Each structure stands twice: as structure tokens, then as C-alpha cells.
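**Q** Sequence:
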Amino acid sequence: DGALSVSLATASRGTRVAVLGGSFDPITDGHLKCACEIVHARKADEVWIVPCGVRPDKPSLKTPFLHRLTMCHLAVNTSFGSSFPIRVCDIEMEERCALSCCHLMQRLSAEYPDNEFRFVIGADSSTPDQRRSTPSCMP
Numbered sequence: 006d007g008a009l010s011v012s013l014a015t016a017s018r019g020t021r022v023a024v025l026g027g028s029f030d031p032i033t034d035g036h037l038k039c040a041c042e043i044v045h046a047r048k049a050d051e052v053w054i055v056p057c058g059v060r061p062d063k064p065s066l067k068t069p070f071l072h073r074l075t076m077c078h079l080a081v082n083t084s085f086g087s088s089f090p091i092r093v094c095d096i097e098m099e100e101r102c103a104l105s106c107c108h109l110m111q112r113l114s115a116e117y118p119d120n121e122f123r124f125v126i127g128a129d130s131s132t133p134d135q136r137r138s139t140p141s142c143m144p
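Last residue of the sequence shown? That's 144 in this note's numbering, and every number before it is there in order.
In case anyone wonders, no lab produced these hints; they're calculated from the structure. What you are looking at is a predicted structure, and each value in this text was computed from that prediction instead of being measured. Here a beta-carbon is modelled for each residue, glycine too, at the ideal position from N, C-alpha and C. Do not rely on the hints blindly, as some may be mistaken.
What the hints assert, rightly or not - Taking CB as the label site, the calculated pair distances span:
hint, residue 1, residue 2, range
1, G86, P61, 34 to 44 Å
2, D62, F89, 15 to 25 Å
3, D119, K67, 31 to 41 Å
With these hints in hand, go ahead and build the complete structure from the sequences.
**A** Here it is as C-alpha cells:
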């Protein structure tokens, strides 16, 4: 019984969830190490890997969402035991376009109100000024 059959609502034991979003085309060992380090550093109780939906701003993203989601599940299932707190979240599966970071966090908070979500952003995805500021939609 792999993570493909586990509901996030029942899998979540902790209240602090780190959201690791990205295209994951493909998911790499670096992504998995990042997720693992978040858990080991006790920055969150769980890490949810969230592949993005369609990205009009990223025409190089050709791999369909379902394939990227499956790659994420396979990577997590073959790298970690089922009790290790790294999960894959399919919240963007039905979206026409990828959710913005703020909308993703709002949706997760609405669907899983018992959890506290923290968004993980890589140093390659922001400028120094962006790393110091909080988006207007975030508390």
C-alpha cells in the first residue's frame, strides 16, 4: 500500500506542514533531500510535495500533470518508508492553470484547517528582497 492510496487528511499527524511546490519535471534527488532536511531540522512535522498545474509562463513544461504527479509518488515511495512524513499532494490536478503560491496556501488552509502551512521556496526562485518580505495575502 503506497502513498498513492493514502489520503492527506488521514496521513497528516502533525500540524506544521512545509509545502514544497514546483514543476517537478522531473523530481530530483535534490528535491527529496530538501524535503528530508526540512523534516530532520524539525522545521515542519510533514512535507507535502505539490506538483504545479499547467504553467503558461513556462512553455518548456511539456510533461502532463498526471505523469509528474506519478513521478513524485514513485520517488517518495522508493526513497522513504511509509511512516516517514513526506507526502505528495494533488491539489492542482483539476486546475486549468497552476495556482499562485498565495492561492495554493489559501486552498490548503481551507481544505486542511487543522494544519499550519509554510511555503518552501528555493534560493534560485527569488531575489534577496523577495526572501525578506511577506506576500500581502499571507499572514
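**Q** It remains to establish, for every hint, whether it holds in the given structure.
**A** Do the hints match the structure? See the list:
1. G86 / P61: 34 to 44 Å: holds (38 Å)
2. D62 / F89: 15 to 25 Å: About 33 Å separates the Cβ atoms of D62 and F89, which means 15 to 25 Å is violated.
3. D119 / K67: 31 to 41 Å: At 37 Å between Cβs, range holds.
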